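Using the sequences and the hints given, assemble the complete structure.
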Amino acid sequence: MSFITLTSDFGTKDHFVGAVKGAIYSELPDAKIVDITHEISPFNITETAYILKNAYKSFPKGTIHIVGVDSEVSVHNKHIVVLLDDHYFICPDNGLISMIASEINPTKIVEITIHNHIESSFSVLDVFVQTACFIARGGNLTVIGKEISSYKKISEIQPKVNQQKNIIIGGVIYIDNYGNVITNISKKVFSEIGKGRDFKITARRYAFTKILNKYNEIVDFAAKDIRHYDGTKLAIFNSAGFIEIAIYRSNLHTVGGASSLLGLDYRDTITIEFFNEQKVEFIPLN
Amino acid sequence: MSFITLTSDFGTKDHFVGAVKGAIYSELPDAKIVDITHEISPFNITETAYILKNAYKSFPKGTIHIVGVDSEVSVHNKHIVVLLDDHYFICPDNGLISMIASEINPTKIVEITIHNHIESSFSVLDVFVQTACFIARGGNLTVIGKEISSYKKISEIQPKVNQQKNIIIGGVIYIDNYGNVITNISKKVFSEIGKGRDFKITARRYAFTKILNKYNEIVDFAAKDIRHYDGTKLAIFNSAGFIEIAIYRSNLHTVGGASSLLGLDYRDTITIEFFNEQKVEFIPLN
Amino acid sequence: MSFITLTSDFGTKDHFVGAVKGAIYSELPDAKIVDITHEISPFNITETAYILKNAYKSFPKGTIHIVGVDSEVSVHNKHIVVLLDDHYFICPDNGLISMIASEINPTKIVEITIHNHIESSFSVLDVFVQTACFIARGGNLTVIGKEISSYKKISEIQPKVNQQKNIIIGGVIYIDNYGNVITNISKKVFSEIGKGRDFKITARRYAFTKILNKYNEIVDFAAKDIRHYDGTKLAIFNSAGFIEIAIYRSNLHTVGGASSLLGLDYRDTITIEFFNEQKVEFIPLN
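Chains as they are written, first to last, in our numbering: chain A, 1029 to 1314; chain B, 1029 to 1314; chain C, 1029 to 1314.
Rather than coming from a laboratory, the hints here were simulated on the basis of the structure. Small disclaimer: the values here were computed from a predicted structure and weren't measured. Mixed in with the good hints, there may be bad ones.
One copy or two, either will do: identical chains are not told apart, so a pair holds if it fits within one copy or between any two.
[Unchecked claim] Subject to a maximum C-alpha distance of 25 angstroms in a straight line, what follows is the list of computed BS3-like cross-link-like pairs (lysine-lysine):
#1 1106 to 1252
#2 1181 to 1106
#3 1242 to 1106
#4 1180 to 1242
#5 1252 to 1181
#6 1174 to 1106
#7 1261 to 1181
#8 1216 to 1188
#9 1261 to 1106
#10 1180 to 1252
#11 1081 to 1215
#12 1216 to 1193
#13 1181 to 1136
#14 1242 to 1041
#15 1085 to 1041
#16 1041 to 1089
#17 1215 to 1041
#18 1136 to 1180
#19 1041 to 1261
#20 1188 to 1215
Okay, structure coming up:
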């Protein structure tokens, strides 16, 4: 029994997702197909990377991940299979893997070459499904493609650090279902650069001098009702290990979330400044 | 093989749902995971209760239901497992169970105490998944928590009846996919109080003196084309057993549904007045 | 093990989908249930037909497809099971099958007659689930209904051809997740009528004299960066075999898709004119 996950920008209304699942089950009736998401913003590779990076690790080793985002084949957009961290990724060579594999080197990369035998205008349904089923049956990757040594790199989503190592300039990489604003600054980078120094995070006209580990660390349960804190803005290391700007118990569809209330959008800049020696007291701007 | 259902406010775009499924499959490759919904309005316990109450009963006895709504653990929001009607519910102790269990007493309630061993800012992924897998393997609940005798009660969504027993004051608890307005007045309460008397339901400036059992009871198929009735407002006992205010063949996204067309929203009041003895003829206000 | 697919206008927030899955698993714990979509526009049979027609073929022979769109039973809306192309469809007799079966004759049609034993205001949960499980167990269709010889026909979505056979008048039948506009003119009809002649497709004030087979056929990779082509309008034979008006790499939620940018909506007219003998040069209107 193989686990095959699906990540795409197909949406869940059209026939695409159903057709792909049907095709997999027709080849492998015992497959376990799991949707990661089909709501990637069309052609958005950064979103795909953030979601897939945080989801794939939970799955059993050997899981096959099909990625249907920006996947029409061309001379500039080859199809590849990457064995990374004991997981298989079937995806276009559009930079996605460089964002997922930033800290781990792939074990193997293969350029899929079965396109010549397949007349297709729906690569995921034809090429990717066939590739996934081949891998699930234990097939050797070199039968469906040729091994290559590198993949397309995209580095734009890495935060930058100044030479003096007291400033990190990062950016917003994702807005989640609650309107929380996720930055590309990981807890690891923050700790390595910060080394325990005091700091100020600036996001537009808002500042934060503390990063929580749990949302309700802002709540003083003894003193006040929890509702008193609804709408409080905060910075937190989220469960994916990144700094996130959030509104306590926000609702993007009614009162708004951090993205709408603080005016923070995809690709906006977030700055962290660290202070040497003496402790400085900061008053949040708002 | 165990059935595990998921109900949450995670949405279906973020990595949360995929990560939770991956974690369950990693522990229990044969689990059958079924989504109930991930589109609960953030932190909305009333919605969660309505949906889960109407869905869980269809599942086989022994099914484990994970509820990821408002689930960050705190001194005021413990995590519990409740065995109720032969189903297991893993959820925060935030009043949800009192809404689901209004007519059935739980067989067992356990406060989960494995948090000390788990460093987590994503309780559902860590604590709830581990608890679910433990139950699925036949583990004894007392190993993962301590038995307790009560859970948090929330009673605000029960309709009220006057002493004279001729008026029921209820409220809107849910707006469904068609824009239908669901009240908290069940067919059972309506029948017990009404005892067959004539009645008038008032919802804002609209009145109804009849409650249908099927939507197309309003249609006189012999006399008129079905399309003649599109847009007619009606009251019905819905399939979940509650009084619902609906628009015949409505479409919330185009012409609108009962909620938008009649101006009825979550928590709005619905009144039913019963009449003694003599039959009174009512003309709907609109 | 049986495959059962679900197609409905229930949405994914309400309890309906979860309840239906629970009911199937209660009867058939080994069933493989696959969602095709639950986001059909309420009561929209044309959409249902387009999506289901393009999804069902990928599934294994013998798959059972439950369709919960406009499914309340009435004298004008019977429930039927249709065996077509070795797939079972359980659906209302509302014209849907005539749209799916335009080129294939059903092997068997049965009117479901088990309603008398079931008190229900949620036909899909009760009648359709019971019917599906009965079929999955290998039951004979005549036990749950009586064989009939025809079903309701709806022909409005077929394109029209003039007597001279140089003009096809079609219409928009579906707008997909990318805002692409799908017409009811198939590659087959286009080829049979066109016979290789030059042509002009007119959609509102836009004209196309070429139909692509892949989206990136418009791109000259040697000459220009791919982003140069973002936003280019084009006509394509889509993967479902229909002529589609698209915008290259469009995003309905941000810059817009073909539907919003070209002002094309469901049911709008698309015309194709074929030219005899001499080649005529056309300049697109925009």
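Same-copy or cross-copy closeness of residue 1242 to residue 1041 [CA-CA at most 25 angstroms] | Between copies, since 22 angstroms is at most 25 angstroms while 35 angstroms is not.
25 angstroms Cα threshold - placement of residue 1106 relative to residue 1261 | Result: close only across copies, 24 angstroms inter versus 43 angstroms intra.
Is the C-alpha distance from residue 1041 to residue 1089 at most 25 angstroms within one copy, between copies, in both cases, or in neither?
-> between (31 angstroms within a copy, 23 angstroms between copies)
At most 25 angstroms between C-alpha atoms: does residue 1136 with residue 1180 qualify within a copy, between copies, both, or neither?
-> Cα proximity of residue 1136 and residue 1180: one copy only (14 angstroms, versus 53 angstroms across).
Intra- versus inter-copy proximity for residue 1215 and residue 1081 (alpha-carbon distance at most 25 angstroms) | Within one copy, since 15 angstroms is at most 25 angstroms while 40 angstroms is not.
Could you place residue 1181 and residue 1136 in one of the four classes (within, between, both, neither) given a Cα distance threshold of 25 angstroms?
-> within (16 angstroms within a copy, 55 angstroms between copies)
Tell me, please, which holds for residue 1180 and residue 1252 at an alpha-carbon limit of 25 angstroms: within, between, both or neither?
-> For residue 1180 and residue 1252, the Cα distance is within 25 angstroms only across copies (19 angstroms; inside one copy 52 angstroms).
Between residue 1180 and residue 1242, at a C-alpha cutoff of 25 angstroms, which is it: within one copy, between copies, both, or neither?
-> The answer is between: 23 angstroms across copies meets 25 angstroms, while 36 angstroms in one copy does not.
When no copy is named, should residue 1216 and residue 1193 be tagged within, between, both, or neither for a Cα gap of at most 25 angstroms?
-> For residue 1216 and residue 1193, the Cα distance is within 25 angstroms only inside one copy (15 angstroms; across copies 64 angstroms).
If the cutoff is 25 angstroms on CA atoms, where do residue 1174 and residue 1106 land: within, between, both or neither? Let me know, please.
-> within (12 angstroms within a copy, 54 angstroms between copies)
Could you place residue 1242 and residue 1106 in one of the four classes (within, between, both, neither) given a Cα distance threshold of 25 angstroms?
-> between (42 angstroms within a copy, 15 angstroms between copies)
Intra/inter-copy verdict for residue 1252 and residue 1181 if alpha-carbon distance must be at most 25 angstroms | between (50 angstroms within a copy, 20 angstroms between copies)
In summary, the structure is inconsistent with hint 7 from the numbered list given earlier, while agreeing with all the others.
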